[in-house]
Amino acid sequence: MSRNGQDTSQWTLDYPPFFAWFEYALSQFAGWFDKEMLKVENVNYRSPATILFQQLTVILTDFVYIYAVKEIYQYFRSIQAKTADLENIFQSSSLVQADRHMSAAFWFALLLNLKHLYLYVAPAYFVYLLRCYVFQNKSDGSIDWQSLSIMRLLGLGGTVISVFTLSLGPFIMLRGLCHAYWAPNFWALYNVADKMASVAGTRLGFVPPGNQTVSMTGGLVREFDHTFLPSVSPLATLVLSGLSMMPSLLMLWARPRGPQSFVRALILCGFGSFMFGWHVHEKAILMIIIPMGLLILERKTDASLFLVMSTVGHYSLFPLLFTQCETPIKIGLLLLTTIYAFSSFSNMYKASGGPTRLPLLSFIETLYLLGLLPLEVYTSLVHPLIGLSQPLPFLPLLLTSVYTSVGVTYCWFRFYLNTYMEQEMSRSSKLEKID
Amino acid sequence: MLTFAKICMVSLVAVLARWCVSLGDYSGAGKPPMFGDYEAQRHWQEVAVNLPVQEWYKNSSRNDLMYWGLDYPPLTAYHSYLCGLVAKYLKPDWVALNISRGYESYEHKLFMRYSVLLVDVFIFFPAVYWTFAARKPHLTDQDASVKSYLLMLLYPGLILIDYGHFQYNCVSLGLALLAVTSLATNHDVLGSVLFCLALNYKQMELYHAMPFFCFLLGTCLRDIRRGGFWRLVQIGLAVLATFATCWAPFLLDLDTAKQVLNRLFPFARGVFEDKVANVWCSLSVLIKWKQMMTLEQILKILCVTGACLLPSSVDLLCRPSFTKFRYALVNSSLVFFLFSFQVHEKSILIPAFMLPLLVKDGQLVPYIAFMLLYPLLFNAFNPIRPDTAPPTDTQFCISCVGQVFLSLALVIFPPPAGLPDLFPLVISVFSCAHFLLFAAYFHYCQFTAGISVHHSHKTKAANGKNSKTVSKAMNKATVENTTKHKSMANKLKLRKKKHD
Numbered sequence: 000m001s002r003n004g005q006d007t008s009q010w011t012l013d014y015p016p017f018f019a020w021f022e023y024a025l026s027q028f029a030g031w032f033d034k035e036m037l038k039v040e041n042v043n044y045r046s047p048a049t050i051l052f053q054q055l056t057v058i059l060t061d062f063v064y065i066y067a068v069k070e071i072y073q074y075f076r077s078i079q080a081k082t083a084d085l086e087n088i089f090q091s092s093s094l095v096q097a098d099r100h101m102s103a104a105f106w107f108a109l110l111l112n113l114k115h116l117y118l119y120v121a122p123a124y125f126v127y128l129l130r131c132y133v134f135q136n137k138s139d140g141s142i143d144w145q146s147l148s149i150m151r152l153l154g155l156g157g158t159v160i161s162v163f164t165l166s167l168g169p170f171i172m173l174r175g176l177c178h179a180y181w182a183p184n185f186w187a188l189y190n191v192a193d194k195m196a197s198v199a200g201t202r203l204g205f206v207p208p209g210n211q212t213v214s215m216t217g218g219l220v221r222e223f224d225h226t227f228l229p230s231v232s233p234l235a236t237l238v239l240s241g242l243s244m245m246p247s248l249l250m251l252w253a254r255p256r257g258p259q260s261f262v263r264a265l266i267l268c269g270f271g272s273f274m275f276g277w278h279v280h281e282k283a284i285l286m287i288i289i290p291m292g293l294l295i296l297e298r299k300t301d302a303s304l305f306l307v308m309s310t311v312g313h314y315s316l317f318p319l320l321f322t323q324c325e326t327p328i329k330i331g332l333l334l335l336t337t338i339y340a341f342s343s344f345s346n347m348y349k350a351s352g353g354p355t356r357l358p359l360l361s362f363i364e365t366l367y368l369l370g371l372l373p374l375e376v377y378t379s380l381v382h383p384l385i386g387l388s389q390p391l392p393f394l395p396l397l398l399t400s401v402y403t404s405v406g407v408t409y410c411w412f413r414f415y416l417n418t419y420m421e422q423e424m425s426r427s428s429k430l431e432k433i434d
Numbered sequence: 000m001l002t003f004a005k006i007c008m009v010s011l012v013a014v015l016a017r018w019c020v021s022l023g024d025y026s027g028a029g030k031p032p033m034f035g036d037y038e039a040q041r042h043w044q045e046v047a048v049n050l051p052v053q054e055w056y057k058n059s060s061r062n063d064l065m066y067w068g069l070d071y072p073p074l075t076a077y078h079s080y081l082c083g084l085v086a087k088y089l090k091p092d093w094v095a096l097n098i099s100r101g102y103e104s105y106e107h108k109l110f111m112r113y114s115v116l117l118v119d120v121f122i123f124f125p126a127v128y129w130t131f132a133a134r135k136p137h138l139t140d141q142d143a144s145v146k147s148y149l150l151m152l153l154y155p156g157l158i159l160i161d162y163g164h165f166q167y168n169c170v171s172l173g174l175a176l177l178a179v180t181s182l183a184t185n186h187d188v189l190g191s192v193l194f195c196l197a198l199n200y201k202q203m204e205l206y207h208a209m210p211f212f213c214f215l216l217g218t219c220l221r222d223i224r225r226g227g228f229w230r231l232v233q234i235g236l237a238v239l240a241t242f243a244t245c246w247a248p249f250l251l252d253l254d255t256a257k258q259v260l261n262r263l264f265p266f267a268r269g270v271f272e273d274k275v276a277n278v279w280c281s282l283s284v285l286i287k288w289k290q291m292m293t294l295e296q297i298l299k300i301l302c303v304t305g306a307c308l309l310p311s312s313v314d315l316l317c318r319p320s321f322t323k324f325r326y327a328l329v330n331s332s333l334v335f336f337l338f339s340f341q342v343h344e345k346s347i348l349i350p351a352f353m354l355p356l357l358v359k360d361g362q363l364v365p366y367i368a369f370m371l372l373y374p375l376l377f378n379a380f381n382p383i384r385p386d387t388a389p390p391t392d393t394q395f396c397i398s399c400v401g402q403v404f405l406s407l408a409l410v411i412f413p414p415p416a417g418l419p420d421l422f423p424l425v426i427s428v429f430s431c432a433h434f435l436l437f438a439a440y441f442h443y444c445q446f447t448a449g450i451s452v453h454h455s456h457k458t459k460a461a462n463g464k465n466s467k468t469v470s471k472a473m474n475k476a477t478v479e480n481t482t483k484h485k486s487m488a489n490k491l492k493l494r495k496k497k498h499d
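Order-wise, the sequence lines are chains U and X.
Just so it is clear: in the first sequence, position 417 is 416 by numbering that gives the first Met the number 0, and no numbers are missing.
Just so it is clear: in the second sequence, position 326 is 325 by numbering that gives the first Met the number 0, and no numbers are missing.
No lab work stands behind these hints: they were computed from the structure.
Note that this is a predicted model, so its numbers are computed, not measured.
There's no promise every hint is true.
To be verified - As a list, the in silico DSS-like pairs of lysine-lysine whose alpha-carbon atoms are at most 30 Å apart:
#	chain 1	residue 1	chain 2	residue 2
1	X	K90	U	K282
2	U	K329	X	K87
3	U	K329	X	K257
4	U	K329	X	K57
5	U	K329	X	K5
6	U	K69	X	K87
7	U	K299	X	K87
As the list claims (entries may be wrong) - Facing chain X, from chain U, some residues (calculated, C-beta under 7 Å):
#	residue
8	L316
9	L320
10	C324
11	T326
12	P327
13	G331
14	L334
15	I338
16	Y339
Each residue gets a CB set at the ideal place from its N, CA and C atoms; glycine is no exception.
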């Protein structure tokens, strides 16, 4: 609450306006629990009633997520009963139905105004709605340029713009390339490559030793000055993200095969922004994992990729929960979901593991996932015990983000490949049908 | 799905539930001068790690028994010693003699919570697992043992007391459970040793001592011509050896041993502690027991307890069977709880009736969460559900409404002036009435249990009825009761099949 103090608090409100309205709505009830928590001067205020209230709000708003999951569950059940056409109903992370493009646009715009994080996947929404709502298909599946519906375009645009006029998205580009702890993306690998190069350079005498210490300490706090590789500007990250999304958007535009290809584009846009975005927060990985969960029932390769991605992705969030008392909870939850996912998927696809691999995974993937165990043991037990916490406080974070970024990058490549193969297969099958 | 994966997941859920509760406060947090059970456990570690064994139970300038003096049997003391050693290694301040009183810190709380989780996972979890794994597979429900495992591990009473209030009940309960399962699988000597260990961890296990004694003696006497005597000798030697080992350091001189006994059974204290749902506490509404307590009356109470214990014990001794044994465990613990003195609420691990204690500890939120969750889980996962009606009985509903109403009253309304203990006392009386009914019902079950084995056809209907009522009662029965009856109902079914 009361984050809107100008100089009173370090917690300036940095989410879009609807989020502020949401917080305002919550604050109307906060007074019932503890009036003190609403005072702007009370920075870092805590009382049992405040904590209870804050946690209750999270529990209550979680029901929105539960509702979405329930809708998706019903959607999949109806697929299994083969009563519904894939084209007919579809739910995404908020409420999206193919038949209800307008409401999808409305919900997404609302979402965007709650958290600008969702800009990551906005291109996929834009292309999909434009392609499937504003234009119609010809009988062979290619686009009918004549079918441009001005009314639909205006309606769609109007919905989005009217939601946006209620707000003005504040965007902050003042922060560094990477978040305090590096999200497991391309830049984590880039930074580490730079660091290794500069260490090697210092050893070999290319770089004066003074530079290296600056980047070693500064790198994980705010701004990162690369010593060896060129420094990266926000514009460069924007361009790279855009470029990485292009193929997926083109595929979506060329041959939209209903909600499934939309979800694939959604995931790939999420991947693109996550891999190359400016100041990416670790939690943004959920924007990829959650939609990926929608694909697991359809193809085995997607299911096995999901296993790798969700395990690594959730593990990469561990540094966010850094207090000691949370350790059993985060480890327990990760193990619980991972064991459940593995056992239910292997049941679903009738796949069994071997002596050297887990079900649905290859030997290398298995080895990689099992590598998380020694990593966790080192970062949370060995590192502090051998007394390296003082001289090298950031080493565990660095190891975690580098190790997980390897996995995330692998998943990104594989997923692109899967999507491309899918596209090709559907094209060839369609051509056969026409012949 | 693999049973192994399921067991792993259930165990993880149980660990998570425990840890979530443990994030909250503990008994006596930040409440000097006496603090609470958390401080008691810490203090025992301090005493055990700094003083020689013989002085642990002795009042001295270095060991003030008025401040949380050790009043549990030797195994608890040894456990405290081990924990104390680790604490001393991690941070000597935690257990510094006399100056560490009321020590509280974030790290120390973590250490204490982990110490409970460790013994829980390594003693209680395997005990529960073995209890259900040792059972023959359920005929219709493949997952019956996994479901029972889940229900047993998520029993709210134990979690709230061990992880909220702060205690190590999981150790003695786990050992006792292992002992019962050993007897079920015909490992009599092992069972006796395990039960002695449980008894030497918490004297509260005396509640179950009578059934163990009567069952083992009864079966040995029954088989006296077929090696029963030899088995009796073996069991007797095993019990003596276990006790001797546990008590060895205190047996070197008689005074020390006497002193320990005196600490374990403090007849000098009052008839009951706080507001407890037992008969003496309930009757104290009419008669002021506390003021008029003399040694003579204490003896009378002992006699009453013994007399109430007699029917169930004699029945078990004369017609020993495992079924009867299980009922006798319930009956004995209920009788002890209702009639013996110096009872503490925790000895019946029933959440609804521990409410006053938990509110005092600031455990209200986890309490509400668990009380909502457990009945739901219970209805969803109860393995004997198919042949039982949903618990919509009027009596059950009335009882539930009563509980909810009393709980709300305790939390929301300030007690009337002049009667500060009104709500806890009403809750005690209310619960006591329930327990008396349960005691009567389970005695009935025990006495009729023998018949079902011999006349399987006639009692088919009766069995169905039993399990129905049992399933209703389970929500309230103690931890041990819960398993025993569930497994009991299943056993009955199996046996029935065998006879058919």
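Here's how the hints hold up against the structure:
1. X:K90 with U:K282: Distance ~36 Å between K90 of chain X and K282 of chain U Cα, so the pair is violated.
2. U:K329 with X:K87: Cα-Cα ~28 Å, so holds.
3. U:K329 with X:K257: violated, 49 Å
4. U:K329 with X:K57: violated, 44 Å
5. U:K329 with X:K5: holds, 19 Å
6. U:K69 with X:K87: Violated. K69 of chain U to K87 of chain X sits at ~51 Å, over the 30 Å cutoff.
7. U:K299 with X:K87: violated, 53 Å
8. L316: violated, 16 Å
9. L320: This hint is violated: L320 of chain U lies away from chain X, its Cβ roughly 12 Å from the closest one there, beyond 7 Å.
10. C324: Check passed: Cβ of C324 of chain U comes within 6 Å of chain X, closer than 7 Å.
11. T326: violated, 9 Å
12. P327: Because about 5 Å separates P327 of chain U from the closest Cβ in chain X, which is inside the 7 Å limit, the hint holds.
13. G331: holds, 5 Å
14. L334: Nearest chain X Cβ about 6 Å off; hint holds.
15. I338: holds, 5 Å
16. Y339: holds, 6 Å
Hint compliance for this structure: hints 1, 3, 4, 6, 7, 8, 9, 11 are not met, and every other hint is.
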